[in-house]
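Could you put together the complete structure from these sequences and hints?
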Amino acid sequence: MATDRKLLMKGVGYMAWAVPQFFLGPVVIYNACMNKNHPLFIPVFGLGVIFCFLAIMLMALGLKTIMKSLD
Numbered sequence: 247m248a249t250d251r252k253l254l255m256k257g258v259g260y261m262a263w264a265v266p267q268f269f270l271g272p273v274v275i276y277n278a279c280m281n282k283n284h285p286l287f288i289p290v291f292g293l294g295v296i297f298c299f300l301a302i303m304l305m306a307l308g309l310k311t312i313m314k315s316l317d
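Position in the sequence shown (from 1) plus 246 gives the number in our numbering.
To be clear, the hints were calculated from the coordinates, so they are not data collected in a lab. Here the structure is a predicted model, which means the values were calculated and not measured. Careful, some of the hints might be misleading.
[As the list claims (entries may be wrong)] Below, computed lysine-lysine pairings styled on DSSO-like, alpha-carbon distance capped at 27 Å:
#1 K314 to K256
#2 K252 to K314
#3 K310 to K256
#4 K252 to K310
[Stated by the list, open to error] Label pairs and their in silico Cβ distance ranges:
#5 L253 to K282: 43 to 49 Å
#6 K256 to I302: 35 to 41 Å
#7 A248 to V290: 43 to 49 Å
#8 K310 to P272: 51 to 57 Å
#9 L307 to F287: 27 to 33 Å
#10 K252 to F299: 41 to 47 Å
#11 L254 to N281: 52 to 58 Å
#12 V258 to I296: 43 to 49 Å
#13 F269 to P289: 19 to 25 Å
#14 L307 to F269: 28 to 34 Å
#15 R251 to N281: 45 to 51 Å
#16 V290 to K256: 28 to 34 Å
#17 M303 to Y276: 17 to 23 Å
#18 A262 to V290: 21 to 27 Å
Just so you know, even glycine gets a beta-carbon here, dropped at the ideal spot from N, CA and C.
Below, the structure is given as structure tokens:
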């Protein structure tokens, strides 16, 4: 029942990349919503949504990888 440290660090790396995305996504969405009349509203809002989905995907992938390393 040994831990695969290489796989564990890979999972921690995924989670480390997810943390900034959890802050960046809502900030970009908030700034887009403050400028609804700006012509770049739709692209900036879309970018914020992409950051949020990316954060969720990276966190799930990191958790899955960490759990796999514990087998």
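Verification of the supplied hints:
no. : hint                     : in the structure
1   : K314 to K256             : holds, 11 Å
2   : K252 to K314             : holds, 11 Å
3   : K310 to K256             : holds, 11 Å
4   : K252 to K310             : holds, 14 Å
5   : L253 to K282: 43 to 49 Å : holds, 45 Å
6   : K256 to I302: 35 to 41 Å : violated, 18 Å
7   : A248 to V290: 43 to 49 Å : holds, 47 Å
8   : K310 to P272: 51 to 57 Å : violated, 24 Å
9   : L307 to F287: 27 to 33 Å : holds, 30 Å
10  : K252 to F299: 41 to 47 Å : violated, 27 Å
11  : L254 to N281: 52 to 58 Å : violated, 42 Å
12  : V258 to I296: 43 to 49 Å : violated, 23 Å
13  : F269 to P289: 19 to 25 Å : holds, 20 Å
14  : L307 to F269: 28 to 34 Å : violated, 19 Å
15  : R251 to N281: 45 to 51 Å : holds, 46 Å
16  : V290 to K256: 28 to 34 Å : holds, 32 Å
17  : M303 to Y276: 17 to 23 Å : holds, 21 Å
18  : A262 to V290: 21 to 27 Å : holds, 25 Å
Hint compliance for this structure: hints 6, 8, 10, 11, 12, 14 are broken, all remaining hints hold.
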